[in-house]
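Visitor: Sequence:
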Amino acid sequence: MDNWTEFVIELQSTFGPHNPVADAENQLDHLQMKENQCINKYVVEFNRLMSQVRGYGDGALCHQFYSGLPNHIKDEICHIGKPCNLDDLRYLAQEINARYWEHKEEVQHANKSSGTSNFPANKPSSSASNSGKSKPTTSSNANSSSGNANSSSSNKSKSSNSGNKSSNATSSNPDLAGKLGKDSKLTLEEKKGHLDNKLCMFCREDGHFSNNCPKKANK
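Each position in the sequence shown, counted from 1, maps to that position plus 836 in my numbering.
What the hints contain is simulated information worked out from the structure, not anything from laboratory work. Glycine included, every Cβ here is placed at the ideal spot set by N, Cα and C. Where hints are given, some of them may not hold.
As the list claims (entries may be wrong) - For lysine-lysine, the following PhoX-like pairs were computed, each having C-alpha atoms within a straight-line distance of at most 20 angstroms:
| hint | residue 1 | residue 2 |
| --- | --- | --- |
| 1 | K870 | K910 |
| 2 | K948 | K910 |
| 3 | K1034 | K1051 |
| 4 | K870 | K948 |
| 5 | K877 | K910 |
| 6 | K1051 | K1027 |
To be verified - Label-pair restraints from in silico Cβ distances:
| hint | residue 1 | residue 2 | range |
| --- | --- | --- | --- |
| 7 | T952 | G893 | 30 to 40 angstroms |
| 8 | F843 | S887 | 39 to 49 angstroms |
| 9 | A934 | A896 | 44 to 54 angstroms |
Throw the hints in and build the complete structure from the sequences for me.
Guide: Shown next as structure tokens:
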């Protein structure tokens, strides 16, 4: 195929819609503008489909355009009066839609301003704040009481531990009564017994001698 125009026509007839006019008419019949949609998008899509349909007069197009409008625009048109041609109806719908969004912005701004002005009223009263402050004092007193109780118990445990240490120290010291001479040293018999049994001269335990006695080092 050497002709580009023929190629495009053949391509559209093969892969395009079977009946583009009927397809455009169907889309125009079901075209609806959403409540939160800007009207400019609706007008552009309506103009595109309007250029593809055949046999529609100005009255039919005016009816199709009005049918696809949301309720808030239709209500305003009913109060003002519905125009008889498409251009006037389209212009009126665009004006109503512009005022609608402008009013919504004013309402949102007013709500924000009122919310900001009411914010200080939500502050708690002085009595509530004072009552709220008094609670930590009670908890601090409770904490101090528990701290005193803990300190007293710790002191008791320390004193008991010191008593245990002194008793252990007393029990660990060997009874040397009758084993020391007048010079406060072991008698000859006692020294001989330690040497024979390989006992320490200081603590009377085996496994080491007095020069490396662990009890002697601790003292």
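Visitor: Evaluate each hint against the coordinates.
Guide: Each hint, compared with the structure:
no., hint, result
1, K870 to K910, "13 angstroms, holds"
2, K948 to K910, "29 angstroms, violated"
3, K1034 to K1051, "17 angstroms, holds"
4, K870 to K948, "26 angstroms, violated"
5, K877 to K910, "17 angstroms, holds"
6, K1051 to K1027, "19 angstroms, holds"
7, T952 to G893: 30 to 40 angstroms, "55 angstroms, violated"
8, F843 to S887: 39 to 49 angstroms, "24 angstroms, violated"
9, A934 to A896: 44 to 54 angstroms, "26 angstroms, violated"
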